[in-house]
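Chain by chain, the residues:
There are 2 protein chains.
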Amino acid sequence: MAEFASTAPETETLTVMGGGLVGSLLALYLAQHGHSVEMFERRPDIRRAGPVEARSINLALSDRGWRALEGVGIAESVRDVAVAMHGRIMHSVQGQLTYQPYGQEGQSIYSVSRAGLNRRMLDLVEQNPRIRVAFNQQCQRVDLRQQTMDVLDTELNQSRTVSFRRLFGVDGAYSAVRAALQRTDRFNYSQHYLDYGYKELTIAAAPGGSWALEKHALHIWPRGQYMMIALPNLDGSFNCTLFFPFEGPASFAALQTPAQVRAFFEQEFPDAVPLMPELETEFFDNPTSSLVTVRCYPWTYHDDVLLLGDAAHAIVPFYGQGMNAGFEDCTVLHELLARHGHDWNAIFQEFQQVRKPNADAMADLAVYNFEEMRDRVADPRFLLQKKIESKISAQYPSKWLPLYSQVTFSHLPYAEAWANGQQQEQIMQRLMPHIQSEEDYQRPEVQALVAAEMERR
Amino acid sequence: MAEFASTAPETETLTVMGGGLVGSLLALYLAQHGHSVEMFERRPDIRRAGPVEARSINLALSDRGWRALEGVGIAESVRDVAVAMHGRIMHSVQGQLTYQPYGQEGQSIYSVSRAGLNRRMLDLVEQNPRIRVAFNQQCQRVDLRQQTMDVLDTELNQSRTVSFRRLFGVDGAYSAVRAALQRTDRFNYSQHYLDYGYKELTIAAAPGGSWALEKHALHIWPRGQYMMIALPNLDGSFNCTLFFPFEGPASFAALQTPAQVRAFFEQEFPDAVPLMPELETEFFDNPTSSLVTVRCYPWTYHDDVLLLGDAAHAIVPFYGQGMNAGFEDCTVLHELLARHGHDWNAIFQEFQQVRKPNADAMADLAVYNFEEMRDRVADPRFLLQKKIESKISAQYPSKWLPLYSQVTFSHLPYAEAWANGQQQEQIMQRLMPHIQSEEDYQRPEVQALVAAEMERR
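Protein chains in written order, with numbering that gives the first Met the number 0: chain A, 0 to 456; chain B, 0 to 456.
Excised from the complex, chain A in its bound form (with noise of 0.2 Å):
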């Protein structure tokens, strides 16, 4: 208990809900700021959990993720259990593969296991002075205006009540906080569902822990109105989802026994069907999860809560940005701590008002960008378009990064990204038709258009 009374007078005992992903980031960055923090989680530690515990989920890190990681000095260590992306391969029904690259040379996202990270972060967390975890803790109801919180402890099976003088919200989509917040009058909140779930699957790895497809790619198997991904893992295996439609002819309800799921398979993923020895069996196994994007506002009560991450801004993830922009969530926090020092208010309201039109920028591109994965990446159209675009690029680069680019390896706020990538699409609808192949970007009457609407930009 040292470390709480060494506490120099300005600073607070923080409380965290939720020891997660952004929650455990949060906490480090909290502490950095000379806070005591007392932070809960729901689940049991995962670094103590036996072979049992939730399925491996790989994310998607990218630049905004890292710099969040980097500000608590946890980047190279990730970086060495994370498996470099530097693009897309599509695999078509026949089996044909085509290659786009995410960015430019040396750009790439990054897959990780959601577990593996947690584990080091809490590792983290549990080496800081400052903070005291615990786990098994579930938050059953906050009261606002008492400042307490009821929580179980789902191990004892005790409940108590916690006095909280200020208490973040990092308890994720379905967060308990949110739901006190909820119950104030004027608190906006939307909770909306894709009409598809998805199911995760394994391509196992090649003899001898080799990667039975090309090891840095994101693979997709488009196909219209649904799709296959997978992400490398380091043992050679590939981590694959399928979103498909609950209902309809081609959908979840109509696949009911192994046979319909291995004829479908081997109909629409032919090339993935060898890999993945365990199809069946995963897929009655696993569970199908459904797709929610969560709005809502103020993410705050008066300076006393603040919701962070998911509990702020559930997303789809076909951008592969619920992670990063959680983290981004801790980089603002954290540049506010330092602009604000202890006037909570300060930093509480510019948060929210900084972050909100991110998150609703960042929502509706990844909703965007799953009909891109799912269907236009199919279309030799769309794939020269994105090639035309990267040629644009690469000629005017102060004036043209693609979107993909600005989400993904900027920190420019997503809701700029999402206004210029709609300009940029636009322009791309009116040069397009005069495009009919690669070389014909290079045709001087394609670079005076080009010129032209970079003129205007």
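Please keep in mind that the hints were generated in silico from the structure rather than gathered at the bench.
Just so it is clear, the structure is predicted and the values come from calculations on it, not from any experiment.
Accuracy of the hints is not assured; some may be wrong.
Claimed, not checked - Here are the simulated EDC-like pairs of lysine to aspartate or glutamate, each with C-alpha atoms no more than 20 Å apart in a straight line:
1. 355(A) to 194(B)
2. 198(B) to 184(A)
3. 198(A) to 184(B)
4. 355(B) to 194(A)
Go by the hints and put chain B onto chain A.
Quick look at chain B alone, frame taken from chain A:
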């Protein structure tokens, strides 16, 4: 209990949570189809409440509401206590009055007291041998799987568990039944608040119980960013509502003292102030209420639970359609009960599929009409456009019904009305640049333009 014993084998005991206007009407319709009904209401019996009952609020009954009341034989007795409003009267800051009729000659909306209407309907409910009603029954929790709800008797302060086979959630904008659906997977939900609140005020009856303003009108003081309205009561008084921003230079937050309230009203509503003897007292005694739009889907849980009225689709009050939409829910359900008999799955599914797009359209229309009432009705060009529309409608009755009439004086599905209204607005945008006065409508070139537009419809 004889009535339950005599229930025909194909009928059921149905549970209705909520005994407000829509809940009472629903119970009457369900009983009409031979079912036994158990109705629970959270509040005390409004008929036994003392003089301190809820402030009297007026509602605008229009054609959809009347049809639903006719179906249970209550329309005529309600008409006796309703005040017809033939149009809007706008009050300028200078006290100038402008009249705009709502529809054709003989078409009106009707000001009725919410409490009075509810009392009348509860009398009918209680006289019905198939309906059993209990007051002071607060639904605390619905267990969808067990088909039970925990109900607190707020008089006895005792909780009990009530089983249901089929539950109708008619418990308003903050529905407890909906809260249970919200915890199921893939339940889409949003609650969105306007930045405006409202406050109820009173224009007193003139000496002798006469009306100090024109009785047969809805009065509006449109002031751009806010407005006051007044609806007539039977006793000569008017119920006023101030719709006003929560924050800002002219807002509830800015009016903190009786002197500030008086100064503001004297500046903005000078012709009303002398008629409001209790202005300052009411302003500070009456609550400032918020304005929410609630959307959700599905409205069902299997064939066990169905949401209706505000529980399914709470809207802001600016089109006077909240109650009418809830009553129309009952009309639609009544038709489906007649068509599908005891196939509850068919009834529930068709109900939500038919009503959801109409409820969404009505929610949009209600927000749209706020801008019209607080701002556009003060614009002479807008009023001219309404007059021209009325002339088009008279000349081409089969091709043109003004949007307001479609919503208020027809039974066209709201979604169709809204779509038609938007098309008609586009036509008016093309016509109005050619029209500077009412007389211009007869000019040959304008007549030709109108004829050409009608040709295309």
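Now the hints, each set against the structure:
no., hint, verdict
1, 355(A) to 194(B), "17 Å, holds"
2, 198(B) to 184(A), "16 Å, holds"
3, 198(A) to 184(B), "15 Å, holds"
4, 355(B) to 194(A), "17 Å, holds"
The structure meets every hint from the earlier list without exception.
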